[in-house]
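Residue numbers (the numbering used here): 1 to 186.
It is possible that part of the hints are untrue.
[Unchecked claim] Below, computed lysine to any residue pairings styled on SDA-like, alpha-carbon distance capped at 20 Å:
| id | residue 1 | residue 2 |
| --- | --- | --- |
| 1 | K84 | E73 |
| 2 | K84 | R72 |
| 3 | K84 | I94 |
| 4 | K84 | L96 |
| 5 | K84 | E95 |
| 6 | K84 | E74 |
Bear in mind the hints are in silico, worked out from the structure with no lab data behind them.
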Amino acid sequence: MTNQQIIVCVFCKGTGKNPHFRGTCPVCKGRGKNQVTGKYMACGDCRGSGQKRGTSLTCYSCAGFGVIPDTREELRQARQEIRKIREEMEEERIELTGRQPRDTSGIPDGLPDGTRPVGTRLDTSRYPSGYRKIGRKANRRKRQSKEFMEESESGRFCQSCAKSTKDNDLIKVCLECFRQIKQGSL
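Modelling step: build the complete structure from the supplied sequences, incorporating the hints.
Right, dumping it as C-alpha cells:
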C-alpha cells in the first residue's frame with residue numbers, strides 16, 4: 001500500500017515557471033505540483049530547490065525534484081531489530097555459559113585494588129574475596145586444581161569455599177567449584 005501525495009513544487013514554489021531562467025520549470029514541467037509516492041522530505045543536498053547552488057544543473061541527490069524519500073522511520077525500525085537480535089544473542093550466550101549479564105553502566109568493576117584477574121571479564125562478584133591476580137592462565141589453573149586436590153573438611157569444595165559454607169546456610173562457591181559442580185564431578 002503506497003501513499004500518494006501531491007506537494008507544491010519547491011523549485012518554482014507552485015508557479016510553474018523557472019525562477020532563475022525564462023521558461024517552464026524543469027522539475028514540475030509547468031504544473032506547479034509534483035506527485036510523489038510514500039513519505040518524502042526536502043532534499044538535504046539542495047535544500048529542496050532541485051538545483052545545485054549557484055548552477056543551473058539539477059541536484060544529483062533528488063534528481064531535480066527537491067524531495068527525497070523519508071527513510072528515518074525505516075532506519076529506526078532497522079536499529080530496533082538489530083538491538084533486539086543483539087539482546088537475544090546475549091541472553092542465549094548467558095544461558096549457554098551460565099554467566100551473569102554484563103554491566104552496561106560503563107563503570108569498570110575490578111578487584112579492590114583496581115586490578116582484575118587476567119583473562120576474565122570485569123564482573124568480580126563470582127570470585128572469592130581472597131582471589132589474587134596471577135600472571136598467566138595456566139598458573140592460575142594449576143593453583144586452583146592444587147587447592148582442589150587438597151583435603152577440605154566437606155570434601156566437596158576447595159578450601160576457601162569450604163570455609164564459606166560453614167559460616168552461611170547459602171553455599172557460595174568460587175568459579176572453579178561452580179564449573180566442577182556443573183560438570184557433575186562434585
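Compare the distance between the alpha carbons of K84 and E74 with 20 Å, and conclude whether the hinted pair is satisfied.
-> 15 Å, holds
Between K84 and L96, does the CA-CA distance stay at or below 20 Å?
-> At roughly 18 Å apart (the allowed maximum being 20 Å), L96 and K84 satisfy the hint.
Are K84 and E73 close enough, with their CA atoms no more than 20 Å apart?
-> Holds - the C-alpha atoms of E73 and K84 are around 17 Å apart, at most 20 Å.
Would you check the hint for K84 and R72, treating anything up to 20 Å between C-alpha atoms as holding?
-> 18 Å, holds
Verify the proposed pairing of K84 with E95, using a straight-line Cα cut of 20 Å.
-> Satisfied, since the Cα-Cα distance of roughly 17 Å is no more than 20 Å.
Would the pair K84 and I94 pass a check requiring their Cα atoms to be no farther apart than 20 Å?
-> Since the Cα atoms of K84 and I94 sit roughly 15 Å apart, the hinted pair holds (cutoff 20 Å).
Violated hints: none; the structure is consistent with every hint.
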